[in-house]
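Residue-level listing of the chains:
Protein chains: 2
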Amino acid sequence: MALIVQKFGGTSVGTVERIQQVAEKVKKFRENGDDIVVVVSAMSGETNRLIDLAKQITDNQPVARELDVMISTGEQVTIALLAMALIKRGVEAVSYTGNQVRILTDNAHTKARILQIDDTRIRADLAAGKVVVVAGFQGVDEQGNITTLGRGGSDTTGVALAAALKADECQIYTDVDGVYTTDPRVVPRAQRLEKITFEEMLEMASLGSKVLQIRSVEFAGKYNVPLRVLHSFQEGPGTLITLDEEESMEQPIISGIAFNRDEAKLTIRGVPDVPGIAFKILGPVSGANIEVDMIVQNVAHDNTTDFTFTVHRNDYQNALQVLEKTASELGAREVIGDTNIAKVSIVGVGMRSHAGVASRMFEALAKETINIQMISTSEIKVSVVIEEKYLELAVRALHTAFELDAPAKRTE
Amino acid sequence: MALIVQKFGGTSVGTVERIQQVAEKVKKFRENGDDIVVVVSAMSGETNRLIDLAKQITDNQPVARELDVMISTGEQVTIALLAMALIKRGVEAVSYTGNQVRILTDNAHTKARILQIDDTRIRADLAAGKVVVVAGFQGVDEQGNITTLGRGGSDTTGVALAAALKADECQIYTDVDGVYTTDPRVVPRAQRLEKITFEEMLEMASLGSKVLQIRSVEFAGKYNVPLRVLHSFQEGPGTLITLDEEESMEQPIISGIAFNRDEAKLTIRGVPDVPGIAFKILGPVSGANIEVDMIVQNVAHDNTTDFTFTVHRNDYQNALQVLEKTASELGAREVIGDTNIAKVSIVGVGMRSHAGVASRMFEALAKETINIQMISTSEIKVSVVIEEKYLELAVRALHTAFELDAPAKRTE
Chain A
1 MALIVQKFGG TSVGTVERIQ QVAEKVKKFR ENGDDIVVVV SAMSGETNRL IDLAKQITDN
61 QPVARELDVM ISTGEQVTIA LLAMALIKRG VEAVSYTGNQ VRILTDNAHT KARILQIDDT
121 RIRADLAAGK VVVVAGFQGV DEQGNITTLG RGGSDTTGVA LAAALKADEC QIYTDVDGVY
181 TTDPRVVPRA QRLEKITFEE MLEMASLGSK VLQIRSVEFA GKYNVPLRVL HSFQEGPGTL
241 ITLDEEESME QPIISGIAFN RDEAKLTIRG VPDVPGIAFK ILGPVSGANI EVDMIVQNVA
301 HDNTTDFTFT VHRNDYQNAL QVLEKTASEL GAREVIGDTN IAKVSIVGVG MRSHAGVASR
361 MFEALAKETI NIQMISTSEI KVSVVIEEKY LELAVRALHT AFELDAPAKR TE
Chain B
1 MALIVQKFGG TSVGTVERIQ QVAEKVKKFR ENGDDIVVVV SAMSGETNRL IDLAKQITDN
61 QPVARELDVM ISTGEQVTIA LLAMALIKRG VEAVSYTGNQ VRILTDNAHT KARILQIDDT
121 RIRADLAAGK VVVVAGFQGV DEQGNITTLG RGGSDTTGVA LAAALKADEC QIYTDVDGVY
181 TTDPRVVPRA QRLEKITFEE MLEMASLGSK VLQIRSVEFA GKYNVPLRVL HSFQEGPGTL
241 ITLDEEESME QPIISGIAFN RDEAKLTIRG VPDVPGIAFK ILGPVSGANI EVDMIVQNVA
301 HDNTTDFTFT VHRNDYQNAL QVLEKTASEL GAREVIGDTN IAKVSIVGVG MRSHAGVASR
361 MFEALAKETI NIQMISTSEI KVSVVIEEKY LELAVRALHT AFELDAPAKR TE
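Listed in order, the protein sequences are those of chains A and B.
Read in order, the letters of the first sequence correspond to residues 1 to 412 in UniProt numbering.
Read in order, the letters of the second sequence correspond to residues 1 to 412 in UniProt numbering.
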């Protein structure tokens, strides 16, 4: 008998029919003998409806404390509906708001952080054979004010509850059936991963794979809560995200290929190659609240050097202005910008124990005559910047080169 | 500086515009230097929308505990919106759910009763100059379960808070500008009462005058909370409901004329005039869960008597069946039913100190040749049953006879 925390998002509980389906699913687990805690979000659309009301009342400036009082009602409705749907099916169930559980948070309204969870009530209910339905996304501060955790907060609630209860697994139900080796829209032979580590998942997520919120993966990693991503309305084992790196002897070197088109590249050419030049260039950029991702400084030539970095495309125009000002101050030769780039990354903990992974990546790209513009590496990731038009080609080539392709599909 | 509890119902907070109007009104009171606690209901329609969802999920059998979790969100949204609207106007305000105040109730979900109110938090906020906005209709039981008080519960919350805080007045805002001497649709010269006692108000309410919920009037009387009925969106002093009977020397004998068409009359004729006969007749009626209002037993004649009583019209058919069974068991002569009746009552604490009020009533009706079918009296009320078609005539005649008519209206 396992203790499982199951989290269903707004789309999974978006209609009366879907709530009934979720109840059926929970019932099956319960009948298998598992202890179940369910975390739910507001029905899809409800949070936005409430925020709209608040904006109408306040000319777009709702007070954060009162906004939390209001939007927390979205999840409160869902927990009651799901508990009713379970009880109607003969499954003993009880619902709790964040305050009722006592999910204690700090008082940063609309983006609070969980400090502590009181598990007394939930444990007593589980011991009495009940399914416990908990409102995601919300908590209460020391003074008893209602707080919310911000976007993706229901995932965090699920993971935090699983950690507090030392649950065997935290299952995140979503609209995909797991984490894939890469985006199946780009590589039809992409495969669902049985397993991936927290570290890899974080790299995949930060590189644009949107299955899970980064914060909840970090949280799960920190407390070593096994996390499983599953499809809400299809059967299947999903993808398990754990600490464990070593269980399988046949673990692939690379777990997945991530990519994004969200970045732009800026180059400042012919700057004096003196100590502190990197700070002189990047200081004003971060001073303008622009985040820099990859950075490359060329080998100096005639006492001058070139300096290249990437920013989010939304920040491109601002960054260009800042950089042109810096260039004229430093007497640089020129500033060049390029938005037609893409970033492709290979991610895998297997890299740690396998040499030559990067060169195998470069070889695969060279075979397709794709020019690499920038390179950046971490312990479990190699990223390259290439011309955007080669993105799909690069991802497919790498997917094949690292033996991630699924066997040719049977016609069913 | 007074401490005032103001209660606004679902219609008064039914739209964003109306919530803004309520905020304006509260702001004016606050600027006058009064301490204000506002109790609000759910936006009109919201509670029914939620109940519909629950019914859809459960095939019309929602679990009471979970229903309370859900429908209590209606008021929770309104308190946040009103607090936001006040803050936007520069009025310091804070919202509380029933649980946050700690309005402690029993655990009778969907019809809970208030046991105790913790005033610590509210007093601290008032002392800090804040308007406190409290969710009506809801509370929390000893175990921390969310409860609701049933229909009209927001009035009860208002009165209970006023009692706990020893407020100077509890103002109930509604869609009428006060309590009238009788229904102005029947008597255009009906007048708004400046003042009425709790007892009178209870009689008026139980006789069909729907301005206030009986339960909240009882509560206000018990704790001697001055209650004022006012119009939400019109200026005016409304009607004050208090204990005080004696303040004015010129208090009228009769405060109002109440009436209803909700009853039906049943007569069993020729029953043996023996001890216990009333119980033999009415026992089976109340055994069928039918409430009996007025009862008259005729003087016996030839050792038999006639027995007449009234029930709600909805219970008429059931009562008739029960009575016919009883009649055949008792060997009664016949059973007669009549649904074309109306009840008219004069209500006033002035009756206590004035003799001859009843005969003045009968005289007024006799002048209009209206036949009285039944009479029932209490300390502050005389009720008569008459043929329904004379109802309006009777009410107008009594309104004039007891000098309740307003001066002839000026053309404005």
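The set of hints was computed from the structure by calculation and includes no laboratory data.
Since this is a predicted model, take the numbers as computed values, not measurements.
Hints are not guaranteed to be accurate.
Same chains, same label: a pair holds when it works inside one copy or across any pair of copies.
Unchecked claim - Pairs of lysine-lysine, DSS-like flavour, derived with a Cα cap of 25 Å:
1) K222 to K280
2) K88 to K55
3) K325 to K55
4) K25 to K389
5) K222 to K25
6) K25 to K111
7) K389 to K55
8) K195 to K325
9) K210 to K280
10) K325 to K111
11) K367 to K195
12) K55 to K27
13) K166 to K195
14) K325 to K88
For each hint, the structure was consulted:
Taking the closest pair of Cα atoms, K222 and K280 never come within 25 Å of each other, the shortest separation being 36 Å inside a single copy and 77 Å across copies. Proximity of K88 and K55 under a CA criterion of 25 Å is satisfied inter-copy only: 11 Å between copies versus 37 Å inside one chain copy. For the identical chains of this complex, K325 and K55 are neighbours neither inside a copy (39 Å) nor across copies (65 Å), given an alpha-carbon limit of 25 Å. In the homo-oligomer, the alpha carbons of K25 and K389 never lie at most 25 Å apart, since the shortest distance is 43 Å inside one protomer and 62 Å across protomers.
In the homo-oligomer, the alpha carbons of K222 and K25 never lie at most 25 Å apart, since the shortest distance is 29 Å inside one protomer and 52 Å across protomers. Taking the closest pair of Cα atoms, K25 and K111 never come within 25 Å of each other, the shortest separation being 31 Å inside a single copy and 33 Å across copies. Taking CA atoms no more than 25 Å apart as the test, K389 paired with K55 passes in neither setting, with 41 Å inside one copy and 54 Å between copies. Taking the closest pair of Cα atoms, K195 and K325 never come within 25 Å of each other, the shortest separation being 48 Å inside a single copy and 77 Å across copies.
Taking the closest pair of Cα atoms, K210 and K280 never come within 25 Å of each other, the shortest separation being 35 Å inside a single copy and 77 Å across copies. In this homomeric assembly, K325 and K111 never come within 25 Å of each other (Cα to Cα): the closest approach is 36 Å inside a single copy and 70 Å across copies. In this assembly of identical chains, K367 and K195 lie within 25 Å of each other by CA distance neither inside one copy nor across copies; the values are 30 Å within and 95 Å between. For the identical chains of this complex, K55 and K27 are inter-copy neighbours only, at 20 Å across copies versus 39 Å inside a copy, given an alpha-carbon limit of 25 Å.
Proximity of K166 to K195 under the C-alpha cut-off of 25 Å is restricted to the intra-copy arrangement: shortest distance 20 Å within a copy versus 64 Å between copies. In this assembly of identical chains, the alpha carbons of K325 and K88 never lie at most 25 Å apart, being 68 Å within a copy and 41 Å across copies at closest.
Hints 1, 3, 4, 5, 6, 7, 8, 9, 10, 11 and 14 from the earlier list are contradicted by this structure; the remaining hints agree with it.
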